[in-house]
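J.: If you want the building blocks of each chain, they are given just below.
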Amino acid sequence: MFGVDSSRNAEMDAFWRVEGGDYVCALIAEPAGKLCVAGLGDGTILGLNPRDGAVLFRHKAHVGSVLSLSLSADGSAFASSGQDAKAKLWSAGGSLLAELPGADSAWVEHIAWSPRGERISTAAGRRVRTFGKDGTLISQSDPLESSVTGLAWRADGTALSAICYGGVHIFPFKDGLNKRHLPFKGSLISLAWSPDAKVIACGSQDCSIHFWRLASGQDSQMTGYPFKPKQLAWDDESRLLATSGHADITVWDFRGKGPEGSQPLQLSAHKGLCTSLSFSHRKGMLASGSQDTSILIWQPRSRLNPVRVAFLETEVTALQWCDDDRLVLGADSSGRIVAWKV
Amino acid sequence: MEKIPVTVLTGFLGSGKTTLLNRILTENHGKRIAVIENEFGEIGIDQALVINAEEEVFEMNNGCICCTVRGDLIRILGNLMKRRDKFDHILVETTGMADPGPVAQTFFVDDDMKDLFKLDGIITLIDAKHLHLHIDDTAECKGQIAFADVIVLNKTDLVTPAELEAVERRVTGINKMAKVLRATNANVAIDAVLDVGGFDLDRALTTKPDFLEPEYPFEWAGTFDLKSQSLSLDLGDGPDPTMDIVIRSLSGTSDAHDESNAVGALRSWSHEATEVSPGATVAVPDGPMTLLLPGSGRRKFDLKLAGAGRVGIYTQHMPSEFEMRFESAGAVLDPLAEHEFTAGHTHDEQVTSVGIHLDGELDEERVNRWINKILREQGTDIFRMKGILNIKGKNNRFVFQGVHMLFDASEDRAWGKAPRTNDIVFIGRKLDRDALNEGFKACLA
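The listed protein sequences correspond, in order, to chains A and B. Once you know that position 126 of the first sequence is 126 in this note's numbering, the rest is easy, because the numbers rise by one and skip nothing. To convert, count from 1 in the second sequence and add 1000; that's this note's numbering.
Hint data in this document are derived by calculation from the structure and do not stem from the laboratory. Bear in mind that the values here come from a model prediction, so they are computed numbers and not experimental data. Among the hints, a few may not be true.
Calculated cross-link-like contacts (lysine-lysine; reagent style DSS-like; alpha-carbon spacing at most 27 angstroms) [unchecked claim]:
#1 A:LYS271 - B:LYS1003
#2 A:LYS230 - B:LYS1082
#3 B:LYS1114 - A:LYS230
#4 B:LYS1003 - A:LYS230
#5 A:LYS271 - A:LYS230
#6 A:LYS271 - B:LYS1114
#7 A:LYS271 - B:LYS1082
Using the sequences and the hints given, assemble the complete structure.
T.: Written as structure tokens, this is what we have:
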């Protein structure tokens, strides 16, 4: 089934399972396994212990859906944002630390904690705002060309990228760096900045993927996706970029001169559109989830068939690696959150 | 999963969109409605979710007009579906100057939107009193009328019955397919604007049997017997500062509105018009005359015909709109017969409707090829297209609707006892009725 080699014990048994109660819109997990938080369609944030599934806290954090969650670097806090135009900071134990000021009436669609923990950025409407970890406003962008559709920090936290219709904006947070704009005539809908900081990859509404090599400014476009590539994930080596946009997962290899002019890897096994992609923190294991409820684990650096499989009840909406890559957490549109040992 | 219907409300500022929105939201219909608003209105309703968003029209990299979509809707509606309690209906209010194309296209082009939602209807509100201020100067205004499934002629209390007639004729001259509702304070029945099923060509056909009549550039034809060569026309103030007219001699027994005479008048109409000022005496030309109506009050035009006898007089507007009188040999003449024609492109040669009725069975392959060719070549000029087709070998009606180059087609219910026939309607710019007619006929099996 699903092309998985059946000689191995391929189907993963659920390690624990929790009913969240509403659509899981966002899921974050502390890499070492201290905390996992799900943000739900009814505005609830649900804190779980990844090692046993115990509920640590459950709060109504927002009116309307939770739109985004982001974990602080040390795992001691996390941030949430929602349709109520609010963004909030919480302790790992679930107590409210601060409410971020300044988002007018627009949904706060994205929130991103900088990789070293000193700043938190939000995207609401056409503006990007950045706050200190105590919640004070540090900077606010001019309105961009359209509503911001994604945020990603540079791995060292010295710059923040934001996408919208019209291209990528890069805001520096270090003296000597300049603002940049990588123009693109079209609507960008997904964003991933490679861990080595060299490449910004975006998915576009017109069913293509764009890479910008930041050193040269060179822009490449990969077309031919049947659906919008909403999911992008880099492996830890910045070598493989996994992209959705089909039941198949298209993986671009950035070794050498690639991927321009090369054939991407096609990981074919899902029966429905791929809806989630997440690389493990080490060793390049890829977890993928689909509309068809399946979750597959791949080792794309060495093989094209999935190595493990698991199922949720409805469309998979989020996946995270956790507990030093020993666990994969998955969530679905009916509100179920499940952990599997890989 | 059942797709969620989306109603789009368009109309210029002041046409009553917010009033209608408030009426829909306060009515006790038991629906959970989400409203996406792009203008700051005064909506204060608890039972519905009202989201304010800026209209973001996204043109795609490939520059194709039909790929122009509303990015804000894709984002917001996508997010609204991520919850257990789904909405029953979505209302999208556009800004006054919005082109409805991208809104409508969003539900055809975007994969997510296509899967989750269906465009139920485009409702266009019109301020009956002020329409004339926008309609000739703004493409958006005609676009909003052309795209509509339902047109609410609002503020009818502010105009006279004759003005209202004129406005309605103007509107139906652009879009013959839409259901037109008259209203004051946007007081239309909610079920006339929600769940209208954008697709309902049947309704258009039953509510307007003249819908598929050929279009003439005149609204009225009268038959007269003249005892002398002279004819005077006496006009008061009307909705326009000019009125076009064709006068033709007819054979003794026929009427002006008989098809062959009407077609003859149509041909005359294509000649260059002669401008005629009041007061002067002029010989009636072969082509149309443009009667100039400067200032106000009554104006008289004295005309000389080639001879006495039966004539047909064809007028661009209804004579009643100008309190028009016909006089000959000092006496007021009443027509022996008169006929009103469906308003064609009398005012507006830019945006029109072409409806074609065709009996017989169509060859599926040929229809496909024909429609694809039309959309490829004229898609940018075609705003809406709808059809119910009788395809050879199929028991079910084949129905389709389109927005610009995009269309949805599917088999509908069985024909049953209904007469198997074909109806197709185009609304757009620069439509060539004859070519469309020929093309459609060529699809017969």
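J.: Output the numbers, in ascending order, of every earlier hint that fails for this structure.
T.: none
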